[in-house]
Amino acid sequence: MKIHNIQFKLNGEKVALAVEPSDVLLDVLRGKLGIKSPKIGCDRGDCGTCTILMDGRAVRSCLALAVEADGAEIVTLEGANTRKWTQKLQKKFHEKNAFQCGFCAPGVILSATELLEKNSKPTAHEIKEAIAGNLCRCTGYEPIVAAIEETVKGR
Amino acid sequence: MDLQKLITKPRKGVKPHKAAEGLDVVGKSVLRVDGWEKITGAAKYTDDLEFGPGLLYAALVESPFAHARIKSIDVTRAEKLHGVVKVVTGRNFTAKFGLYMNDRYVFATDTVRFVGEQVAAVVATDPKTALRGAALVKVEYEELPAVMDAVKALEKDSPLVHPDLKSYTHVPWFFPKPGTNIAHWRKIRKGDLAKGFKDADLVMEDIYTVPRYAHCAIEPHSAIGLYDASGRLTMWTSSQSPFTQRHVFAETLKSFGLSHKDVRVISTYIGGGFGGKAGVTMEIIAAALAIAVPGRPVKLLWSRAQEFYNTYQRLGCTAKIKMGVSKAGKITALDFKLHWDSGAYVEYGANVVNAAGLSASGPYKVDNLSIDSMCTYTNLPPCGAYRGFGYSEFLFGLESHITRMARELGIDPVEFRLKNAIKEGDTLPYGAHMNPTGIRDAIERVAKEIKWGVKEKSRDPRKVIGKAQVCFWKSPAMPPNASSSAFLKFNEDGSINLLVSGMEIGQGLLTVMAQIASEVLSVPVSKIRVETPDTDRNPYEWQTVGSHVTWGCGNAVKRAALEARERILDLVQRVHCLDKSTLYLEDEHVKCRTKPDFALRFSDFVINGIQADDHTFKGGPIMGSGVFMPEFSSAISDPETGQGGHPNVHYTTGSAGIILEVDRETGKMKIKKVALAVDCGKAINPDLVRGQIVGGLLQGFATVLYEDMRYNEGGRQLNPNFSDYKIPTVMDMPDMVVPIIIEVAQPDGPYGARGVGEHTMIPCAPLIANAVEDALGVRIRSMPVTKEKVALAVKAAKK
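Chains G and Z, in that order, give the protein sequences. Quick note: to get our numbering, add 235 to the position in the first sequence (first position is 1). Quick note: to get our numbering, add 3 to the position in the second sequence (first position is 1).
To be clear, the hints were calculated from the coordinates, so they are not data collected in a lab. Nothing here was measured: the structure is a model prediction, and the numbers come from that model. Ideal Cβ positions, reconstructed from N, Cα and C, are used throughout, including at glycine. Be careful, since some hints might not be right.
[Claimed, not checked] Straight line, CA to CA, 16 Å or less: simulated EDC-like cross-link-like pairs of lysine to aspartate or glutamate: (1) Z:Lys131 to G:Asp278; (2) G:Lys363 to Z:Asp735; (3) Z:Lys31 to Z:Glu746; (4) G:Lys267 to Z:Asp51; (5) Z:Lys131 to G:Asp258; (6) G:Lys267 to Z:Asp129; (7) G:Lys267 to Z:Glu53; (8) Z:Lys264 to Z:Asp231; (9) Z:Lys131 to G:Asp262; (10) Z:Lys47 to G:Glu313; (11) G:Lys326 to Z:Glu40.
[Stated by the list, open to error] Here are the simulated distance ranges between beta carbons: (12) G:Gly389 to Z:Arg604: 38 to 48 Å; (13) G:His360 to Z:Glu40: 28 to 38 Å; (14) Z:Ala799 to G:Lys267: 53 to 63 Å; (15) G:Gly266 to Z:Arg540: 26 to 36 Å; (16) G:Arg279 to Z:Trp39: 25 to 35 Å; (17) G:Lys267 to Z:Ser258: 36 to 46 Å; (18) Z:Gly298 to G:Asn240: 26 to 36 Å; (19) Z:Lys458 to G:His360: 28 to 38 Å.
Working from the sequences, and respecting the hints, build out all of it.
Set out below in structure tokens:
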């Protein structure tokens with residue numbers, strides 16, 4: 236099997252590694268690079284718990300091949316912790332109990348980060364659309380939406 | 004002079020005891036102690052743990068048939084594949100296991116009983132090789148006739164799923180019928196049923212059906228096992244029940260020389276449980292594989308599809324209900340027959356059937372009562388615990404039926420429920436007496452919230468608005484001797500490590516336990532660390548299920564904190580010669596009511612003791628332990644009537660109401676408003692209780708409006724994924740959710756608390772069905788109540 240040598244920026248640091256063509260980006264992040272905030276939930280793009288930012292866009296890393304990351308800038312929640320909107324979101328998520336088991340939280344926060352970095356004044360509907368691909372089985376979503384709305388309002 | 008006044012009157016300059024001033028931490032919505040870890044992505048779940056390059060991965064060989072005899076298993080090709088370390092079959096693991104009934108196998112040996120059942124496992128150096136190896140294992144089967152329906156399974160000529168049922172061991176409160184597919188039959192007989200029906204002015208009979216459901220925690224099950232050279236088995240599992248798992252592992256694998264002391268279960272955070280991670284399912288496979296490959300850690304990670312068909316599903320239920328009601332609106336008789344499809348193995352599911360059978364009267368006083376709750380084997384995936392534990396299923400029929408009968412008699416359905424609602428001291432179906440309950444308050448507050456009795460019109464002429472209100476109750480379903488314990492240790496700086504084995508499954512247990520310890524010891528929550536357990540280090544907890552840990556584990560924590568407090572007070576009394584009764588704890592100090600200037604900081608003595616006048620030190624590390632067991636509980640009763648025991652420790656009650664908008668043409672439903680009031684005794688953390696209400700409601704509505712599990716004729720689930728088995732997204736949120744907390748104290752609960760976790764999900768199905776009828780005049784008797792079903796019913800009604 237052909238081995239590909241790829242390079243990308245991961246949470247601000249350059250990484251270089253060899254991958255097989257069939258290697259999935261999520262598995263490489265978790266298994267080879269020790270990045271654990273993107274989770275395995277469904278392995279087919281349904282649940283959004285593997286969400287990462289790839290060149291600023293929220294991407295399901297279970298649907299991306301590792302080779303597609305070559306040359307890209309990848310940010311996971313481990314690295315997003317220093318971003319302005321992510322920090323604000325995290326504070327509100329904590330205050331509003333916008334998580335319970337916490338398993339979907341990294342993906343939801345990154346989807347919301349993408350939204351707010353592009354549109355700092357989203358409507359309620361835009362907020363819902365931005366996280367509609369992130370499944371949460373615990374909260375009923377209400378506190379998540381409330382946390383994002385309050386982040387926008389800067390309360 | 005009034006003697007009483009003299010005794011209680013505070014002396015001048017004497018601070019009253021803290022208890023008299025109310026609570027400092029309990030009842031406050033303090034922020035979650037696990038919050039920051041979770042929202043920064045730092046929280047570790049089982050699959051996030053690292054085991055180094057020696058980690059092995061397992062993949063399963065699964066049955067393609069619902070029922071078949073295994074003729075042969077050929078592993079030679081798989082064994083030859085480069086990277087395969089071992090192929091394991093049932094030959095080495097013959098012991099059966101189970102929680103309440105030993106009917107499950109580590110690997111199928113002679114017979115497979117559902118599609119997807121594990122037949123063999125391939126252990127390899129990487130996941131891809133393990134999967135390739137599993138595909139090379141050749142199994143020859145002889146297909147057997149299968150039964151997929153709980154009612155058909157009772158027919159005389161039905162295939163038997165477990166011909167050896169007679170030899171299975173089980174708890175003494177189960178009554179299997181060997182030679183049939185009946186694994187357990189819970190009977191309740193109370194009062195005079197015939198007389199009750201004679202006294203009725205209206206008798207109505209109908210059948211309600213509830214299909215199977217899946218938990219859909221976003222985190223799949225995972226387990227890693229390591230059997231080391233010292234003869235110890237360490238398991239890292241995503242589990243609601245680390246101690247129960249330890250017990251089952253030790254019992255099932257004892258032929259390998261393991262005893263309980265050799266088995267260690269370490270549980271991290273878990274990404275949602277909802278009952279699906281209670282007991283033992285796939286973890287036993289990982290434990291067996293660890294034994295088979297000693298010295299190397301072996302990981303088993305479930306795929307989303309396996310999550311559906313090989314953990315537990317919620318049981319399917321066909322409920323036949325016959326109810327008698329007088330003109331005055333009193334329930335005079337109830338005959339309730341519940342047929343449960345419990346799947347191929349019922350080691351946990353049979354207790355769901357038992358719990359429902361004990362409580363199927365609902366939160367009503369029913370003097371003439373007959374309940375038959377029958378657990379039936381079928382050749383579908385095994386069923387077990389799911390948030391609600393059987394109550395969602397019987398409440399769909401019961402609460403639908405009650406609304407229909409009230410309407411038929413011209414009685415307001417809310418009035419009807421108020422009239423029949425159970426009161427403290429009323430006799431329960433099994434003869435014991437009801438605990439304090441705020442159900443009437445709950446009914447009234449919900450009715451007010453949804454403006455019950457006021458007909459509303461949609462602004463959209465294509466849509467109509469319906470309203471409904473129902474009641475619910477639920478008790479923890481647990482063995483009578485299920486216990487909790489806690490261990491509390493002070494540190495040099497006065498901070499505390501609190502050890503419990505109640506699991507943080509998202510509900511906020513760690514925070515609530517810290518609050519209880521904080522309340523007793525006056526140490527702020529920020530100085531108390533509580534973490535997920537390791538069975539070697541943490542004290543025993545039966546399981547985190549049944550909405551019982553705030554109550555059970557909370558009691559143990561309170562006792563541990565009180566013991567530590569006693570030790571502190573004893574020490575100060577001994578060294579400072581102050582009377583213990585004058586001492587109290589405040590702001591991390593020991594203070595004295597008779598000496599206002601006395602204040603001894605915890606950090607000055609909780610590890611290193613107090614220095615006496617002679618320069619010696621007294622005391623030593625301050626610790627506390629607490630144990631709680633409901634010593635009044637008993638599960639033994641007359642098998643024919645269910646009378647005589649005290650199987651349920653208490654019931655949490657409540658009511659829920661809905662304003663539902665329905666499209667006449669398409670049947671599409673929108674929840675405009677839902678209110679749910681639950682009597683949690685005491686909300687130790689009100690925001691967390693509200694979180695349970697909001698989240699539980701959507702999980703409940705999902706089972707009515709969206710989720711729809713399908714099988715083909717061969718017993719294969721057709722939709723084991725989130726594309727085809729639809730759980731709600733943020734787009735499916737109700738427009739408005741109103742959580743209402745009622746607090747009628749539970750006398751034996753910590754600060755009066757009782758559980759709420761499951762209760763918030765169970766009223767949803769009858770809410771929707773009743774509101775649909777209110778809006779459109781059509782009655783749906785089978786779940787789910789999808790828009791398609793509603794539209795077709797409206798169309799049929801027009802004809």
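Hint check, failures only: Per hint list: zero violations.
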